[in-house]
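On the provided structure of chain V, position chain P as indicated by the hints.
Top line first, the protein sequences correspond to chains V and P.
Residue 243 in our numbering sits at position 243 of the first sequence, with consecutive numbering throughout.
Residue 50 in our numbering sits at position 50 of the second sequence, with consecutive numbering throughout.
It is worth saying that the hints were derived from the structure and are not from the lab.
Nothing false has been slipped in among the hints.
Pulled from the structure, derived: some chain V residues nowhere near chain P, Cβ distances all over 10 Å: (1) Gly33; (2) Asp35; (3) Glu52; (4) Phe148; (5) Leu165; (6) Glu166; (7) Thr307; (8) Glu314; (9) Tyr317; (10) Glu383.
Sample of chain V residues at the chain P side, in silico, Cβ under 10 Å: (11) Ala65; (12) Phe117; (13) Tyr213; (14) Ala275; (15) Gly284; (16) His285.
For lysine-lysine, the following BS3-like pairs were computed, each having C-alpha atoms within a straight-line distance of at most 25 Å: (17) Lys67/P <-> Lys303/V; (18) Lys351/P <-> Lys36/P; (19) Lys353/P <-> Lys36/P; (20) Lys36/P <-> Lys67/V; (21) Lys26/V <-> Lys353/V; (22) Lys67/P <-> Lys26/V; (23) Lys353/V <-> Lys67/P; (24) Lys67/V <-> Lys353/P; (25) Lys303/P <-> Lys67/V; (26) Lys394/P <-> Lys351/P; (27) Lys329/V <-> Lys156/V; (28) Lys156/V <-> Lys394/V; (29) Lys83/V <-> Lys26/P; (30) Lys67/V <-> Lys311/P; (31) Lys26/P <-> Lys355/P; (32) Lys311/V <-> Lys36/V; (33) Lys36/V <-> Lys355/V; (34) Lys311/V <-> Lys67/P; (35) Lys26/V <-> Lys83/P; (36) Lys83/V <-> Lys67/V.
Heads up, the beta-carbon is just placed ideally off N, CA and C, and yes, glycines get one too.
Spelled out, the chains give:
Number of protein chains: 2
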Amino acid sequence: MPTLNEKAASLGASRSAIRELFEYGKSRSLEAGGDKICDFSLGNPSAPPPAELRAAYFEALSSLAPKDLHGYTSAAGDFETRKAIADAITTEESFEVLPENMFLTTGAAAALCAVFFALTSSPGDEFAGFSPFFPEYRVFAGVAGGVFVAVSADTKNFQINFEALESAINEKTRAVVINSPNNPSGAVYTKETIKTLAGILKKKSALFGHTIYIVTDEPYRELVYGGVTPPFVPKYYDDTIICYSYSKRFSIPGERLGYALVNSRASDCRRVYNAIAGGARVLGHVCAPSLVQKVIARSARLKPDMTVYAKNREILYENLTKMGYTCAKPDGAFYLFVKSPFGSGAAFSAKAKEKDILVVDGATFGCPEFVRIAYCVDTSVCERSLPAFEELIKGGRGK
Amino acid sequence: MPTLNEKAASLGASRSAIRELFEYGKSRSLEAGGDKICDFSLGNPSAPPPAELRAAYFEALSSLAPKDLHGYTSAAGDFETRKAIADAITTEESFEVLPENMFLTTGAAAALCAVFFALTSSPGDEFAGFSPFFPEYRVFAGVAGGVFVAVSADTKNFQINFEALESAINEKTRAVVINSPNNPSGAVYTKETIKTLAGILKKKSALFGHTIYIVTDEPYRELVYGGVTPPFVPKYYDDTIICYSYSKRFSIPGERLGYALVNSRASDCRRVYNAIAGGARVLGHVCAPSLVQKVIARSARLKPDMTVYAKNREILYENLTKMGYTCAKPDGAFYLFVKSPFGSGAAFSAKAKEKDILVVDGATFGCPEFVRIAYCVDTSVCERSLPAFEELIKGGRGK
Numbered sequence: 001m002p003t004l005n006e007k008a009a010s011l012g013a014s015r016s017a018i019r020e021l022f023e024y025g026k027s028r029s030l031e032a033g034g035d036k037i038c039d040f041s042l043g044n045p046s047a048p049p050p051a052e053l054r055a056a057y058f059e060a061l062s063s064l065a066p067k068d069l070h071g072y073t074s075a076a077g078d079f080e081t082r083k084a085i086a087d088a089i090t091t092e093e094s095f096e097v098l099p100e101n102m103f104l105t106t107g108a109a110a111a112l113c114a115v116f117f118a119l120t121s122s123p124g125d126e127f128a129g130f131s132p133f134f135p136e137y138r139v140f141a142g143v144a145g146g147v148f149v150a151v152s153a154d155t156k157n158f159q160i161n162f163e164a165l166e167s168a169i170n171e172k173t174r175a176v177v178i179n180s181p182n183n184p185s186g187a188v189y190t191k192e193t194i195k196t197l198a199g200i201l202k203k204k205s206a207l208f209g210h211t212i213y214i215v216t217d218e219p220y221r222e223l224v225y226g227g228v229t230p231p232f233v234p235k236y237y238d239d240t241i242i243c244y245s246y247s248k249r250f251s252i253p254g255e256r257l258g259y260a261l262v263n264s265r266a267s268d269c270r271r272v273y274n275a276i277a278g279g280a281r282v283l284g285h286v287c288a289p290s291l292v293q294k295v296i297a298r299s300a301r302l303k304p305d306m307t308v309y310a311k312n313r314e315i316l317y318e319n320l321t322k323m324g325y326t327c328a329k330p331d332g333a334f335y336l337f338v339k340s341p342f343g344s345g346a347a348f349s350a351k352a353k354e355k356d357i358l359v360v361d362g363a364t365f366g367c368p369e370f371v372r373i374a375y376c377v378d379t380s381v382c383e384r385s386l387p388a389f390e391e392l393i394k395g396g397r398g399k
Numbered sequence: 001m002p003t004l005n006e007k008a009a010s011l012g013a014s015r016s017a018i019r020e021l022f023e024y025g026k027s028r029s030l031e032a033g034g035d036k037i038c039d040f041s042l043g044n045p046s047a048p049p050p051a052e053l054r055a056a057y058f059e060a061l062s063s064l065a066p067k068d069l070h071g072y073t074s075a076a077g078d079f080e081t082r083k084a085i086a087d088a089i090t091t092e093e094s095f096e097v098l099p100e101n102m103f104l105t106t107g108a109a110a111a112l113c114a115v116f117f118a119l120t121s122s123p124g125d126e127f128a129g130f131s132p133f134f135p136e137y138r139v140f141a142g143v144a145g146g147v148f149v150a151v152s153a154d155t156k157n158f159q160i161n162f163e164a165l166e167s168a169i170n171e172k173t174r175a176v177v178i179n180s181p182n183n184p185s186g187a188v189y190t191k192e193t194i195k196t197l198a199g200i201l202k203k204k205s206a207l208f209g210h211t212i213y214i215v216t217d218e219p220y221r222e223l224v225y226g227g228v229t230p231p232f233v234p235k236y237y238d239d240t241i242i243c244y245s246y247s248k249r250f251s252i253p254g255e256r257l258g259y260a261l262v263n264s265r266a267s268d269c270r271r272v273y274n275a276i277a278g279g280a281r282v283l284g285h286v287c288a289p290s291l292v293q294k295v296i297a298r299s300a301r302l303k304p305d306m307t308v309y310a311k312n313r314e315i316l317y318e319n320l321t322k323m324g325y326t327c328a329k330p331d332g333a334f335y336l337f338v339k340s341p342f343g344s345g346a347a348f349s350a351k352a353k354e355k356d357i358l359v360v361d362g363a364t365f366g367c368p369e370f371v372r373i374a375y376c377v378d379t380s381v382c383e384r385s386l387p388a389f390e391e392l393i394k395g396g397r398g399k
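In isolation and in its complexed conformation, chain V is listed as follows (with noise of 0.2 Å):
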């Protein structure tokens, strides 16, 4: 008789909402035809990769040496890539970000992961987050026995609902996790929302007698539209860790190329960077995958080509509002969060499958009145789906 870790084998059976959604869309389409399904369930995104990054690729294999391309890299990941990265980040904020806070990761879930993995010293140790969230920080605080605790929602532009966080922090709380740009409300946090909320950590921290960290999960910081700026946090809060990915930015979610990067001012900043080592050590990294990593050294300054996502996001969020839906515009990310005209949006997800247009319910993400539309699509895809959503609301009103 197998004995098993019971936790472990139904979060394998039952897989994230998102993941299911997909997987149906992928054998869904092999039986009626991709053309037939308008599949906006994941955010792998459409946009191809930049020319030069490509071209980065070739160059590299064709000039270093195989063990340099595919040998081991440090753990942190080569120093060179780590320089390329942290000297383009302190050129583009005019902020100093050093490559030995930088430990580079399997994406942007690793980073999460080792960082919780770090900063749990308790079993019961508490990170909070805002609705609407990334469903899979649940599973991920959860690696150390650490528990995700969901703050409320502000739905009406997807800022901060400071009140509920401030009732939310307790003794437990070692972070606070931020993620903007949005998945999935597309919201960008704005200068006075992190400064407020960095008041409200130092006030905390110091009523506590410990540090409590924001953790600003942001693989689409560069995803933004209309010449906003996503503020970088480390500038208004010293006890800061970022984890980033290039899954969004380059088109190469697959590649699984992240990091994890301690500020430079955070307190005991070489300790904390340790315990984030030690975290990932812990679960299974030995190293990020070493060819992605040349080519990003090559890359690091490139830009997102966000042409394809902008025409995407005024056809869908156009045309939904004009029919009557109710969703704020996203000043970055990919994607839109709308408000279900059927109640929930668990019964929106499933009228919409009906007429093989996927959406995830947003009960994933801790909003369940609203479902997300991941635009990250070709634009025909969005074309063609316009007669099915009009359909529905259509439904919805009449009901």
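Structure of chain P alone, referenced to chain V:
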């Protein structure tokens, strides 16, 4: 004041002893010149990847659409890749292996972590393994609160010390971890060893009323000499889980591709598989790196080129034994595990370091009287090291 996970902080600060020596070697090379140092510290393969593998990189990058190359794959990995691997094993071993029981991971380390997580049903659950063993087993077994239990070595021929095993297994034992071809001894378990092990585990599983798994960690499966063939463990024991990596076979340790494979004959195979998938999810696994998945789909039947390792093995084994060193001739992998002429491996490693020869103290692997020489280096390094080894043993004898 930061409140951190002290275990993580100390693991991150300490690094593994092997990695520590590797980092020392890198900085010492810069200081003294690379041709002064004989760095036998790390299992970073020196043989170039097969030419066909290199060609597969260019072919995949040139022929596939960016989204297929670099997009998310299923969490378990591309089905096409898993099928190519499973088919190759099925042919090679004349034993059916199914792609749906294979979960691609970021290297064998991540596979081991996910498996240990999956099999730990209560804190303190035990994983037994034989000295000499890969030291990170201790760290990885701890991920879900499990404990690695070292079983005394058979230091004569590095098969299994069955008497010690019988007394190490108890009601808390979840699995026995084996590693053949072995790092660091180079031993390959015989068919008789596997059969005897299987017999004991069947008996103990019945006795304790729960399955005791074999977790077989075999990144060196194809790296064998003189026609030796490692027995395929699933043939001899149903409840077997293979943890594999392409790091050593194709000299691509930086690329982080491996898998966990549940034997189709395992009891409740699907639930075991789901628990491993859940374990991976908790540890921040999203998917294995995508480009290398495409490359392996095209290269699953390629064999490693053993020419350099075979040559290095001869040079070191013949010369060192002639000088008076004691070691078993390795049948696989690319390590010599040499008895220290100075009583302890620590003393040998320290004295060798003074002569710019980097070898790892066997205490790291649970055998404190030995050192490990990783001969996956250029042949010139082996040749260059001989005078220093000669001086060392003369000094040792003279003591």
